[in-house]
Amino acid sequence: MELESALRKPFASRETFVAATNTSYQLTPFRFTRIPDTGGMFLIVNELGEYHFLREEDFHSFRRHELDTTEDVYLDLRSKHFLLDEHCDTYWPYAVSQYRTRKSFLQGGPALHIVVVTLRCDHTCRYCQVSRQLESASRFDLSEPHALLVIDRIFESPSAHLKVEFQGGEPFLAFDRIRFMVEKIEERNASEGRTIEFVIATTLHHLTDERLEFCRRHRISLSTSLDGPEDLHNRNRPRRGSDSYERTIAGISQARAALGADAVSALVTLTRESLKRPEEIVDTYVDLGFPAIFLRPLSPYGFAVRATFRIGYSVDDFLAFYDRALDRIVQVNQAGTYLEETYTSILLQHILTPHPTGYVDLCSPAGAMLGALVYNYDGGVYASDEGRMLAETGDRSFLLGSVSDSYAGLLTSPAARDLLQSNVAEALAGCSDCAFLPYCGADPVHHRAVHGRQEGHRPTSDFCRRQTALFQRIFRRLAGPRDPSLSVMMSWLTRGREAFSVQRT
Amino acid sequence: MTTISCAGQQSLSVDLRVFALSVVHKAAHAISCDADVEMEVAREHQVEVRLSPLRSSPSDLTATFRRLLSDFAVQADVNAETRIVRDALVTAAMAESLRSPTSS
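Chains A and B, in that order, give the protein sequences. Take 1 as the starting number for the first sequence in our numbering and just add one per residue. Take 1001 as the starting number for the second sequence in our numbering and just add one per residue.
Okay, chain B solo, but in the shape it has when bound:
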């Protein structure tokens, strides 16, 4: 991941072999309260993310974006690892509810 700053706009390149594109999308969505986000596929396995601050005194947007990437990547790993448990749990809970008479 490399970072470049120019005239308020900050940009970074993300290696898609490290972070899935869905994770980059989630990070872009999450930071959209603080920045306009442009994404462009720079070359194979690489996406260029440009962040333009929405407020006059921008925080370190790239640092925030990197943190978001890491967090969403961890969450994606957890979700993938636990999907079977979650699906089984929700299915069992709802199926039992369908069988039981209304009570609330």
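This is chain A alone, in the form it adopts within the complex:
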């Protein structure tokens, strides 16, 4: 009878061919990618930003619930919250806390308030994104009534910490307005009780003892532009007399003497010419005693777009430069001099800690407007500095309103609503399934400038290509045997740091 029955069923049942599923664990949300040059390793990243490398067969066993619960890989994945079983009682409080921390930049509202006190400037920089005006054209200064309204808007922001950054043009050409605003803000803060930080983004060419004394009394720090060795800096930042470098170096010394060594920071802007000279640029920063260098590519905004054909470059060219410069920075550190590459540091902080850096380009939702507001000299309020630069060429997509509008009005304006629809990377095609999403951002302003729409097109986005390549470089280091350069980079995280809010000068 049994034989007869078996003969009537020439094929085994479906269950015979399906591996037994281990229903004792549940997956938690994760995304995955392959990291090049790691022997086919899969990188998986969960919603909390924790990551793990898996061999391909382990990856598929894991996702099919076929892992043996006694295997090391199972225990590793459980300890990193990629799966839930009966031993995961603490998952929910932990996971909620981690996720909330990653998004905590949303809690306080805009903390960075950039005030463009003047468009006047004595430089004619090749990559300048704004329409600079003559030194004497004071009609391009922020008026006193507008300055008072800016202060009202700043204090309407609910953030307990406020960073007020004065920009230009060259802000020291409108120093009286800076003085006026700093004094008014401090006066008002006596009753507000916020923590306030002031920064002036300046060439350092217009310092006087009196101005520095004011900066010292009000704990104002200075941020300047330094593009590398003298000839390169002067070529990028021409002015009458061709002495921009010399005057900047003199300003650095003068400011450090008055305010202390840490009160002056510098930013480098990279042109096509710069890409040939990574080691020299790094060495300039070392020679001048800066503890950090920020290797940022040119911004495709405003008037800088016109110069792209002369000074622009491809993502591949930038990455080749970046690799050489980073090697040099690691060498410098290994030789005993501390020098941090700020962008790598930001990426590592996003990967290895749940704490947001506040770097607006790498936030989701994007930091434009939610993390920063920009008050232009003419009373216009923009979602970001880049949005203001874009407006210089006629695209006012990021103009939220005027300083006479309320904070609530600005953040619910039509431009704000448009921005909110395109600034969540989790909801963007090309980002939503990307393994690097927990560490990256939407950057709608960049994509508006380059692709003409805030959502952008990730497969052809240079922002996306650059970010992906940089994340792959870091994860390749993390995947391999202990890489000495990684120890150097980790040291950048452990050294006390402040929130990143790097802006252009």
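Any given hint could turn out to be false.
Claimed, not checked - Here chain A is said to cover these stretches of chain B; the calculated rule only asks that three of the stretch's residues, wherever they fall, bring their Cβ under 8 angstroms from a Cβ of chain A:
#, stretch
1, 1035 to 1048
2, 1074 to 1084
Unchecked claim - Think about it this way: if two alpha-carbon atoms lie no more than 20 angstroms apart in a straight line, the pair counts; the simulated SDA-like pairs of lysine to any residue are:
#, chain 1, residue 1, chain 2, residue 2
3, A, Lys184, A, Arg211
4, A, Lys80, B, Glu1048
5, A, Lys103, B, Ala1093
Derived by calculation from the structure, the hints in this document are not laboratory data. Predicted, not measured: the structure shown is a model, and the values here were computed from it. We put the beta carbon where it would ideally sit given N, CA and C, even for glycine.
Following the hints, complete the assembly by docking chain B onto the known chain A.
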């Protein structure tokens, strides 16, 4: 899935009983940096995908497309399986934030 090549253009048929249409769309979007993509419903459960390389020396676009299909299909399965956990996590995190006073 079948593959045909002709004069630089490469094409393949995708069985929609194996890969969801949303997965085919994601693969088409992802490969659009390397190829012009045309999609056409050939017959029931079958979509024809034509890939025209954007550069002079095309890579194996169909191989890339097949890999993308597999990866997006796996990701779609994971997303479907873990959606409840993700929604609960995001809701709980954001709801607690709304309750707590601003602190950052």
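20 angstroms limit on alpha-carbon distance, applied to hinted pair Lys184(A) and Arg211(A): 17 angstroms, holds
20 angstroms limit on alpha-carbon distance, applied to hinted pair Lys80(A) and Glu1048(B): With a Cα-Cα distance of about 41 angstroms, the restraint between Lys80(A) and Glu1048(B) is violated, given a limit of 20 angstroms.
Pair hint Lys103(A) and Ala1093(B), alpha-carbon separation not exceeding 20 angstroms: 9 angstroms, holds
Coverage assertion for the stretch 1035 to 1048 of chain B with respect to chain A, Cβ distance below 8 angstroms, three residues required: The restraint on the stretch 1035 to 1048 of chain B is violated, since only 0 of its residues have a Cβ under 8 angstroms from chain A and three are required.
Coverage criterion applied to the stretch 1074 to 1084 of chain B (partner chain A; beta-carbon cut 8 angstroms; 3 residues): holds (count 8)
Comparing the model with each earlier hint shows violations of hints 1 and 4; every other hint is respected.
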